[in-house]
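What follows is the residue order along each chain.
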Amino acid sequence: MWYTEDGEAIRSGFKKVSRNHPEEYAACFANLDKVLTILNNGNKVGGFKVGFFRPEGNGLYRIGQTGVKDSKEVRLYVYPDTESEIMYVLAMGTKESQKNDIKEAKKKTKKIKVAKKENN
Amino acid sequence: MKKKLKSVAEIAANLAGDETIKGRVDREILRSRMVTTLLQFRIQKGKTQKQVAEYMGCDPSKISKIEAGNDLQLKWIDIIGYLSALGVSINILFEDPSIPAAGQIKQHVFAIHNLLEKLAGIAKQVGDDTQIVDKIHLFYGEVLLNFLSKFGDSYKKLLPFVKFDNAELPESASMAKGSRKKEKAKQDSLAAC
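Protein sequence lines, in the order shown, are assigned to chains A and B. Everything in the first sequence is counted per numbering that gives the first Met the number 0, starting at 0 for the first residue and increasing by one. Everything in the second sequence is counted per numbering that gives the first Met the number 0, starting at 0 for the first residue and increasing by one.
So that you can see chain A by itself, here it is in the shape it has in the complex (with noise of 0.2 angstroms):
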């Protein structure tokens, strides 16, 4: 069963994106939502394609949305955790920070991947 982690995520941008952007935020975790639940009935990452679900390497996704009409891009991105079946939340922003959101988010992604196998 899949559960989702908030512990290491930048939130910073979560506010912001919450503040500018209410109704993109909603959608976006809307569709992390959809993405959870085709895990748990037992689907496997990368075993199947969804369009707002993409992958950003080294084990990073994005999920975005256009639910919203007129709306701006933003982006949600997780890490997701097959072996202990966790989605780590760590960044969100808009299309302009992108670059900067996934270089953070993937400091997160190594970070996380480091204290598991330490733990291990």
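Keep in mind the hints are simulated off the structure, nothing from the lab. Hints may be right or wrong, so weigh each one.
What the hints assert, rightly or not - Cut-off 25 angstroms, straight-line C-alpha distance, at most; resulting in silico cross-link-like pairs (BS3-like, lysine-lysine):
id: 1; chain 1: B; residue 1: Lys5; chain 2: A; residue 2: Lys15
id: 2; chain 1: B; residue 1: Lys46; chain 2: A; residue 2: Lys107
id: 3; chain 1: A; residue 1: Lys48; chain 2: B; residue 2: Lys46
id: 4; chain 1: A; residue 1: Lys48; chain 2: B; residue 2: Lys134
id: 5; chain 1: A; residue 1: Lys105; chain 2: B; residue 2: Lys5
id: 6; chain 1: A; residue 1: Lys115; chain 2: B; residue 2: Lys5
id: 7; chain 1: B; residue 1: Lys49; chain 2: A; residue 2: Lys48
id: 8; chain 1: B; residue 1: Lys21; chain 2: A; residue 2: Lys15
id: 9; chain 1: B; residue 1: Lys5; chain 2: A; residue 2: Lys109
id: 10; chain 1: A; residue 1: Lys48; chain 2: B; residue 2: Lys105
id: 11; chain 1: B; residue 1: Lys5; chain 2: A; residue 2: Lys14
id: 12; chain 1: A; residue 1: Lys43; chain 2: B; residue 2: Lys64
id: 13; chain 1: A; residue 1: Lys94; chain 2: B; residue 2: Lys64
id: 14; chain 1: A; residue 1: Lys71; chain 2: B; residue 2: Lys74
id: 15; chain 1: A; residue 1: Lys71; chain 2: B; residue 2: Lys21
id: 16; chain 1: A; residue 1: Lys48; chain 2: B; residue 2: Lys61
id: 17; chain 1: A; residue 1: Lys48; chain 2: B; residue 2: Lys64
id: 18; chain 1: B; residue 1: Lys49; chain 2: B; residue 2: Lys74
id: 19; chain 1: A; residue 1: Lys14; chain 2: B; residue 2: Lys21
id: 20; chain 1: B; residue 1: Lys5; chain 2: A; residue 2: Lys112
id: 21; chain 1: B; residue 1: Lys64; chain 2: A; residue 2: Lys98
Got chain A; can you put chain B on it based on the hints?
Okay, now just chain B, sitting in the frame of chain A:
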């Protein structure tokens, strides 16, 4: 200490530092139930967005947009096209809570009857396959038993409130009435002691 699992909406609210976000995300998830179901069907059937788009005669980007959006943006024609591409048929159940319970029961009885007819039709089609016919036969029995058992449970709850003329008292009700009388006599004698 066991870690409390948080819902997606709770996580969203926590990260935004705004409790009102939870309601907004929950509402959006609720508004996306149909889309999520469509998406689940596509993945379950192992079809790609391209295959669905080809069947519907549209660009794959349209399928991508449908799947990333919510139910409010769905068009009826897209739902039909999408499900047809997957070989899934649609059954719509209209539920009007203002219809009295008796009306709803009638609707359900007719619906069950239609489904039983469907099963009888299957038995007719596979007449030679005794295994399937036997299973359908057994299932008919199961349906009847379930119905009688559930009907009996509800009927028992109804009986204490029904006033019968002695002439039209059904046997079961008469027994129930008799047992109530016995119970009352028992209580009276206990009180007298």
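Hint by hint, here is what the structure shows:
1. B:Lys5 - A:Lys15: holds, 22 angstroms
2. B:Lys46 - A:Lys107: violated, 34 angstroms
3. A:Lys48 - B:Lys46: Distance ~9 angstroms between A:Lys48 and B:Lys46 Cα, so the pair holds.
4. A:Lys48 - B:Lys134: The hint is violated at about 39 angstroms.
5. A:Lys105 - B:Lys5: holds, 23 angstroms
6. A:Lys115 - B:Lys5: holds, 21 angstroms
7. B:Lys49 - A:Lys48: holds, 11 angstroms
8. B:Lys21 - A:Lys15: With Cα atoms ~16 angstroms apart, B:Lys21 and A:Lys15 stay inside 25 angstroms; holds.
9. B:Lys5 - A:Lys109: holds, 24 angstroms
10. A:Lys48 - B:Lys105: violated, 44 angstroms
11. B:Lys5 - A:Lys14: Given pair B:Lys5, A:Lys14 holds - Cα atoms ~18 angstroms apart, limit 25 angstroms.
12. A:Lys43 - B:Lys64: With Cα atoms ~22 angstroms apart, A:Lys43 and B:Lys64 stay inside 25 angstroms; holds.
13. A:Lys94 - B:Lys64: holds, 18 angstroms
14. A:Lys71 - B:Lys74: holds, 23 angstroms
15. A:Lys71 - B:Lys21: Status holds; Cα separation ~21 angstroms.
16. A:Lys48 - B:Lys61: holds, 15 angstroms
17. A:Lys48 - B:Lys64: OK: A:Lys48 and B:Lys64 at ~13 angstroms, within 25 angstroms.
18. B:Lys49 - B:Lys74: holds, 19 angstroms
19. A:Lys14 - B:Lys21: The hint holds at about 14 angstroms.
20. B:Lys5 - A:Lys112: This hinted pair holds, its Cα atoms lying about 22 angstroms apart.
21. B:Lys64 - A:Lys98: With a Cα-Cα distance of about 24 angstroms, the restraint between B:Lys64 and A:Lys98 holds, given a limit of 25 angstroms.
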